[in-house]
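Asks: The chain contents come next:
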Amino acid sequence: MSGVLVYSERESVALELLTFASKLERPVAVALVGQEAAARAKNCFTYGAQRAYTSADPALTGLQADVLAEALAQITKQADADVILIGSTLRGREVASRLAQKLNVGCITDANGLRFEDGRLVATRYALGGNTISTQVIKSPVQVIAVMPQTIQAMPTGDGGSAEVVEAKLSLAPSPVKMVERRPKQAGSVNVESAEVIVCIGRGVGEQSDLEMIQALADTLGGVVGCTRPVSHDKHWLAEDQMIGISGKMSSPRLYIGVGLSGQIQHTVGIMGSKVTVAINNDKNAPIFKMADYGIAGDLYQVVPKLTEKLKAR
Amino acid sequence: MHIIVCMKQIVDLTKIRIKADTREPVLEGLPVRFGDFEKNALEEAVRIKEKRGDVKVTAVAVGSPKLKDTIKEALAIGADEAVILTDPLFEGSDEIGTARTLARVIQKIGEYDVILLGEGSTDDHTGQAPSRLAELLGLAQVTYVRELEVLEDKRIRAVRDLEDALEVVEVNLPAIVSVTAELNQPRLPPLTAILKAARKPIKTWGPNDIGVTTGEVGAGVSTIIVLSNLAPAQQRKEVIFEGDVDDVVNELLKALEREGVLAA
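Protein sequence lines, in the order shown, are assigned to chains A and B.
So that you can map any letter, position 124 of the first sequence is 124 in my numbering, and since no number is skipped, the others follow by simple counting.
So that you can map any letter, position 242 of the second sequence is 1242 in my numbering, and since no number is skipped, the others follow by simple counting.
Simulated from the structure, these hints should not be mistaken for lab results.
None of the values given here were measured: they were computed from a predicted structure.
Please note that the accuracy of each hint is not assured.
One side of the interface only, derived from the structure: several residues of chain A facing chain B at Cβ under 10 Å [to be verified]:
1. VAL95
2. ALA96
3. THR109
4. GLY129
5. LEU221
For glycine and all other residues, C-beta sits at the position ideal for the given N, C-alpha and C.
Isolated chain A (complex conformation):
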């Protein structure tokens, strides 16, 4: 029986995918590249991998998509896999696509749901800019599915007693892409994914100094500040990991307050898990009001301080 091959450069995501794969009652293999690949295999075995294909080939240093996809294509053959599950990080998404093209097969990226139903893998992903959720299956004989981090809950499945480490036999040429420098991003201290209350700002907040007023509201509510893409990525007022929406973080707070943001779908897909949503915007026709349980159509510079004041007085 053909098997499932799992790969993610992030171990936590690989374990999530292994958890899912182990329920398919098929051979499950994991691909591990880089130094100490064998040492990482043990953890994968606990989460359902029966075999780990490892490689410390120097061509894989830097994880360039062209070489990594070639390595995975070769491992796919060695593992006799017809389902390849990849973590849909930015890197994972490009690798999945290149791998799928090498194999000339179909691929689903950024899956935010995956289930086994009527003998086939059914994936969901956002479509039409987040307006819809598309439910899809791949009909090529081999399929590549890139699954978003935290789509599946990782669960240990056993001690992996009979699992084995196999050194993959790879023939790789180094990538023509040369890494010159890697600059790690400073991780923000704010976690919008787990926050219970989020005050989220958009372009309508005019000055960086206004953040003080926003933070005061968030503090009063015991919450954190999040933002839409322009605030973090263009203005750089907040860390990029505070951005909520497609290509950012998904949130599920008890209370979400959107301030001075229009409510474009790219953002609002990230707040669909909110229990109660509030919008404050001076444009009564802003789409965010359609996503709001409660809204105030008014000047945020009057409403926000007043709200903070009255909350403090409670």
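Following the hints, complete the assembly by docking chain B onto the known chain A.
Replies: Positioned in the frame of chain A, the structure of chain B alone reads:
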């Protein structure tokens, strides 16, 4: 130097209406435009041209016959010429079909140094085109680029924007580059540029021009089956308060207390 920019025509996503009973999107009759990231890609190509001078920019797009109009925007922004493919045969292609079509177009164009694309389309954002095209053309790929510099001796240096790090990479041309929204601010072409664009060449190629047959592209050979495509079930109360600040804030606080979402 020749830069090819691949662009996708999409429906205006802000105008999509959802049928209340079935949650299906209504796409008929919507205005179309180019996706956001493609405009960043094109803007960058035009900036490189303006800086260096010896650069030709070709815009390539596959889509509905409305492309005949839509493509004018690309020419107004600064592409020198355009190749469009509007034959119904290409309709319903999956990512393999699309990449195959683009690859054949680019092979027919022949000489090129950089192929620029958005990191994903603004509508479905599968992000597969850069990788698949790179594989089909046997090229290096540099994705998620937020800074791009053309170096001497036919090399580029790019800053890639990944979740936890920026990666500075260099590669010899030709290469495929996919770009993010942070790369630049696309220009709104002035009227003079729009008028001038009317005289720029638009080539319309069909399946025969690029050697593509029914068995290679289109819905019939798609590897993806879409079981459904529906708006997520979402019920919000949409209670909007307006008027005196004091009053509306009191109303809001009362509502939030009722909901039990304020900490005790």
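Asks: Could you run down the list of hints and mark each one as holding or not?
Replies: Here is what the structure says about each hint:
The restraint placing VAL95/A at the interface with chain B holds, with a minimum CB-CB distance near 8 Å, inside the 10 Å limit. The beta carbon of ALA96/A comes within 8 Å of a beta carbon in chain B, closer than 10 Å, and the hint placing it at the interface holds. Using the Cβ-Cβ criterion of 10 Å, the hint placing THR109/A at the interface with chain B is satisfied: the shortest such distance is roughly 5 Å. The interface hint given for GLY129/A holds, since its Cβ lies 4 Å from the closest Cβ of chain B, which is under the 10 Å cut-off.
Evaluation of the LEU221/A hint against chain B yields a held restraint, the C-beta minimum of about 7 Å falling below 10 Å.
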